[in-house]
Amino acid sequence: MTQAQPDTTATVSDPGSRSTEFVPVQGGGETTSAASLLIAAYMLMWGLLFAFVFLSWRRQARVETRIAELEKAIAGGGGSGPQ
Amino acid sequence: MDHADLQPYCPSTRFSPVTGTRDKVFYGLFAATAAIFAYLIGYIFLVTPLAQIQAGGLAQKIFYFHVPAAYAMYLCGAVCCVSSALYLYSPTDARDAAARAGADCAVVFGAMVLGSGPLWAKKAWGVYWTWDPRLTTTLLSVLVFVSVVMLRAFAGNGEAERKFASALGVLGTVTLPIIHYAVVMWGGNHPTVITKTGGGLRHPAMTHALLVGFVAMTLLAALLLWARTRLALAQSRIARVEEHAIATGQID
Chain A
1 MTQAQPDTTA
11 TVSDPGSRST
21 EFVPVQGGGE
31 TTSAASLLIA
41 AYMLMWGLLF
51 AFVFLSWRRQ
61 ARVETRIAEL
71 EKAIAGGGGS
81 GPQ
Chain B
84 MDHADLQPYC
94 PSTRFSPVTG
104 TRDKVFYGLF
114 AATAAIFAYL
124 IGYIFLVTPL
134 AQIQAGGLAQ
144 KIFYFHVPAA
154 YAMYLCGAVC
164 CVSSALYLYS
174 PTDARDAAAR
184 AGADCAVVFG
194 AMVLGSGPLW
204 AKKAWGVYWT
214 WDPRLTTTLL
224 SVLVFVSVVM
234 LRAFAGNGEA
244 ERKFASALGV
254 LGTVTLPIIH
264 YAVVMWGGNH
274 PTVITKTGGG
284 LRHPAMTHAL
294 LVGFVAMTLL
304 AALLLWARTR
314 LALAQSRIAR
324 VEEHAIATGQ
334 ID
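From first to last, the protein sequence lines are chains A and B.
Numbered per the working numbering, the first sequence finishes at 83, counting up by one with no gaps.
Numbered per the working numbering, the second sequence finishes at 335, counting up by one with no gaps.
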């Protein structure tokens, strides 16, 4: 099943109908705000960096936990240590 | 119980977080990086002028982080390549850890580049993505580094896996010069404002912001590489301690 192709030749015949229908146009202007793109880019970059630092911090915490478990198991003389 | 044979590997003495002089250097580097980034952000938004609309207008300010992030990706890729090559030549935990850290950080900086670039492109080119030579080669390189990271994360920590990941790390970095010269060799939409003859930054504030961006990203890359290398090294050493402790019957 294919999507229906829009009739690009249609025009808005009645100004009153503008709020009740969407008429495709050729070559519409770029309306994306540069400011919003700029903010999104900076948020994305800082978000990636903080996520990476957070994941590293979590991995570091796991390593320290593992070290503590090992020390405890070795000090305890084995047999009940981590598997 | 005799712990003497474990002393050379003891986690509490060899795997502790950054301490002493290293601690001071690390946090000094951290403070310097934070200060330079604070200065850079203020400078970009308060001092650097807007570029022409064909370059994205206000969105062109993404450039001052986008390009240094790409440079940081090259830097981390180079660390991954050199460490991987050294590991293939003579395997050590430290070389493997540095290679792993290089790949991790290259993926992060690559994601910054591939995330920020399309947002700028939307304003400058009207589309988020186009299969431009530089964009495509950048995506391929980041995917190679992603494959190294995934391999190390899910394929175990054996000698064969390490060597395969090292070979992949060398391969990934070989593609970096192709990215750099892609625009020259094959053209495309990507701008080439940074050239050997001085480039196309037509205001001193633009050049200054870019240079500060390079310094900031270099420091950030150094910090992340340092932290991740130490972490990877600690993980390798813990694995060895566990093997040793199991072999000697200290844990089961």
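Hint data in this document are derived by calculation from the structure and do not stem from the laboratory.
Treat the hints with care, as some may be off.
Computed beta-carbon distance windows for the label pairs [stated by the list, open to error]: (1) A/46 to B/238: 23 to 33 Å; (2) A/69 to B/291: 24 to 34 Å; (3) B/219 to A/76: 29 to 39 Å; (4) A/35 to B/241: 48 to 58 Å; (5) A/46 to B/327: 40 to 50 Å.
Quick look at which bits of chain A chain B covers, simulated, 3 or more residues with Cβ under 8 Å [what the hints assert, rightly or not]: (6) 38-50; (7) 62-74.
Since the model is a prediction, treat every value here as computed from it, not as a measurement.
The beta carbon of each residue, even a glycine, is placed where N, CA and C say it ideally should be.
Structure-based check of each hint:
| no. | hint | result |
| --- | --- | --- |
| 1 | A/46 to B/238: 23 to 33 Å | holds, 31 Å |
| 2 | A/69 to B/291: 24 to 34 Å | violated, 51 Å |
| 3 | B/219 to A/76: 29 to 39 Å | violated, 57 Å |
| 4 | A/35 to B/241: 48 to 58 Å | holds, 51 Å |
| 5 | A/46 to B/327: 40 to 50 Å | holds, 42 Å |
| 6 | 38-50 | holds (count 8) |
| 7 | 62-74 | holds (count 8) |
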